[in-house]
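Just so you know, the protein sequences line up as chains A and B, in that order.
Using this note's numbering, read the first sequence as starting at 682 and increasing by one per residue.
Using this note's numbering, read the second sequence as starting at 38 and increasing by one per residue.
Calculated from the structure, these hints are not laboratory results.
Check each hint, because a few of them may be wrong.
The calculated lysine to any residue pairs, modelled on SDA-like cross-linking and capped at a C-alpha distance of 20 angstroms, are [as the list claims (entries may be wrong)]: (1) A:Lys-745 x A:Leu-809; (2) A:Lys-745 x B:Ala-73; (3) A:Lys-786 x A:Ala-798; (4) A:Lys-745 x B:Phe-53; (5) A:Lys-745 x B:Phe-78; (6) A:Lys-745 x B:Ile-144; (7) A:Lys-745 x B:Gly-145; (8) A:Lys-786 x B:Phe-53; (9) A:Lys-786 x B:Arg-45; (10) A:Lys-745 x B:Ala-71; (11) A:Lys-745 x B:Val-135; (12) A:Lys-745 x A:Leu-758; (13) A:Lys-745 x B:Gly-80; (14) A:Lys-745 x B:Phe-89; (15) A:Lys-786 x B:Ile-49; (16) A:Lys-745 x B:His-74; (17) A:Lys-745 x B:Leu-58; (18) A:Lys-745 x B:Ala-70; (19) A:Lys-745 x A:Leu-802.
Given next are the chains, with one letter for each unit.
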Amino acid sequence: MSTADTPKRSMRTPLGRVRNLGAAHSGTSDFWRQRLTAVAMTLLMIPVLVIIMMLLGRNQAGAKQILGSLPVAIIMLLFIVASAWHMKIGMQVVIEDYVHNEKLKLISIMLNNFFAAAVALASIYAILQLSSGV
Amino acid sequence: MALSIVHRATGIALYFGTLLLAWWLIAAASGPAAYAHVQGFTGSIIGRLIVFGYTWALMHHMLSGIRHFVWDLGYGFKANEREALTWGALIGGIALTVLVWIIAYAIGGGR
Numbered sequence: 682m683s684t685a686d687t688p689k690r691s692m693r694t695p696l697g698r699v700r701n702l703g704a705a706h707s708g709t710s711d712f713w714r715q716r717l718t719a720v721a722m723t724l725l726m727i728p729v730l731v732i733i734m735m736l737l738g739r740n741q742a743g744a745k746q747i748l749g750s751l752p753v754a755i756i757m758l759l760f761i762v763a764s765a766w767h768m769k770i771g772m773q774v775v776i777e778d779y780v781h782n783e784k785l786k787l788i789s790i791m792l793n794n795f796f797a798a799a800v801a802l803a804s805i806y807a808i809l810q811l812s813s814g815v
Numbered sequence: 038m039a040l041s042i043v044h045r046a047t048g049i050a051l052y053f054g055t056l057l058l059a060w061w062l063i064a065a066a067s068g069p070a071a072y073a074h075v076q077g078f079t080g081s082i083i084g085r086l087i088v089f090g091y092t093w094a095l096m097h098h099m100l101s102g103i104r105h106f107v108w109d110l111g112y113g114f115k116a117n118e119r120e121a122l123t124w125g126a127l128i129g130g131i132a133l134t135v136l137v138w139i140i141a142y143a144i145g146g147g148r
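Isolated chain B, as found in the complex (with noise of 0.2 angstroms):
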């Protein structure tokens, strides 16, 4: 399994999303029409589909460092260890997006 270059990968892409979350901090604490705007950039479809891009790398990148973490603790390194840390990781990184986004539609729909 070639999972870690996902790891760095997510990782790289985390790196520039900083920039979206610094972009809505600021435009919080700047005023009512640039958060508007910014609402209206993650609400669109474009802004949507990176926001999900997002909550993904975020949440494959967590798992996959969780993974990391047990290997540097020493453990997991026998084959079927291995094997089931990297698809936990891959199949529980996007179980994850998906719930958070379920629970992220009941919340913010219902406003």
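Isolated chain A (complex conformation) (with noise of 0.2 angstroms):
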């Protein structure tokens, strides 16, 4: 888009051209998948907050069976993949603004990416285990 770049119709200063990838080297694309997940997230609540209250005051025999049901599944998986991948960019929005060692920015970002995959992973196989009836 070139009419973009003239200097009289951007709003981009001549530093954000040169490194223009901006400071988290990734663009504008984690700000979108910020309010995507944000978004399924709003959208997914309510359907959350009824399956939590199905669940309230039952057995491990009960929450198995609900749990293992297909849409409550389905609408646990997709909760989990939003709520994880929302969490790791906020957080890493934290430690850029406050971390502002390099190295110990990296260490922070990584094991950011790490505990939000850990999570995700060990929910995700915790609902495939009470689907499959194992």
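Please assemble the complex out of the two chains, which come individually in their own frames, going by the hints.
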């Protein structure tokens, strides 16, 4: 889009054009995904709350039956994926804002990725196991 | 209003709170003993307080997030609109939390 880059219309500074993907080196993709997952979770909030209400006061056998049913499992999986992605991006923003030591920042971002992936995969594995009837 | 820091703080709380969610799901998949252990924790006073706090953090973060989303779309920047969105998120978050817990006690208490 050449018109957007003309000095007259562009909102970007010369420095911004040089470092064209910004401080996070990923452009606006994280910004978009953060909103995408936020909207997804907002839409899923009522179904998820209904599921949790259904599970209250039930024992493991009852919980297994409910969580293992197809619609419930799919809603839970969608919510897990959206929340893990959302919280990974959110925590990275916090790290980039407050951790200024470059090495510590890289380590923090790496640990953040590990944490989000581990929580997501553990939760997904549990849901799949509940669904498979093993 | 310095509510954006509360959005951030609740986000961080929810981040670590997912450990509780993962623990609960893994326990459900593991078997009756593990699940009873989780229920023992969530049923205790401290457990209930943590889950109540988690509910509030979730509800507040959601409404506060909608507020940011409205701003992202380019609306709600007038002083009175900003105030209304902020108070709406603050009061709405508390109201939804109380509502969810009333329903939870009405349903869960009957089982």
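For each hint, the structure was consulted:
1. A:Lys-745 x A:Leu-809: At roughly 11 angstroms apart (the allowed maximum being 20 angstroms), A:Leu-809 and A:Lys-745 satisfy the hint.
2. A:Lys-745 x B:Ala-73: At roughly 13 angstroms apart (the allowed maximum being 20 angstroms), B:Ala-73 and A:Lys-745 satisfy the hint.
3. A:Lys-786 x A:Ala-798: 18 angstroms, holds
4. A:Lys-745 x B:Phe-53: Distance ~24 angstroms between A:Lys-745 and B:Phe-53 Cα, so the pair is violated.
5. A:Lys-745 x B:Phe-78: Answer holds: A:Lys-745 to B:Phe-78 is near 19 angstroms, not above 20 angstroms.
6. A:Lys-745 x B:Ile-144: 19 angstroms, holds
7. A:Lys-745 x B:Gly-145: It holds: about 17 angstroms lies between the C-alpha atoms, which stays within 20 angstroms.
8. A:Lys-786 x B:Phe-53: The hint holds at about 19 angstroms.
9. A:Lys-786 x B:Arg-45: Distance of about 18 angstroms is within 20 angstroms: holds.
10. A:Lys-745 x B:Ala-71: Given that 20 angstroms is the threshold and the Cα spacing comes to 13 angstroms, the pair holds.
11. A:Lys-745 x B:Val-135: The hint is violated at about 28 angstroms.
12. A:Lys-745 x A:Leu-758: Cα-Cα ~15 angstroms, so holds.
13. A:Lys-745 x B:Gly-80: Answer holds: A:Lys-745 to B:Gly-80 is near 19 angstroms, not above 20 angstroms.
14. A:Lys-745 x B:Phe-89: 24 angstroms, violated
15. A:Lys-786 x B:Ile-49: Answer holds: A:Lys-786 to B:Ile-49 is near 17 angstroms, not above 20 angstroms.
16. A:Lys-745 x B:His-74: Distance ~15 angstroms between A:Lys-745 and B:His-74 Cα, so the pair holds.
17. A:Lys-745 x B:Leu-58: 15 angstroms, holds
18. A:Lys-745 x B:Ala-70: Holds, at about 13 angstroms.
19. A:Lys-745 x A:Leu-802: Since the Cα atoms of A:Lys-745 and A:Leu-802 sit roughly 18 angstroms apart, the hinted pair holds (cutoff 20 angstroms).
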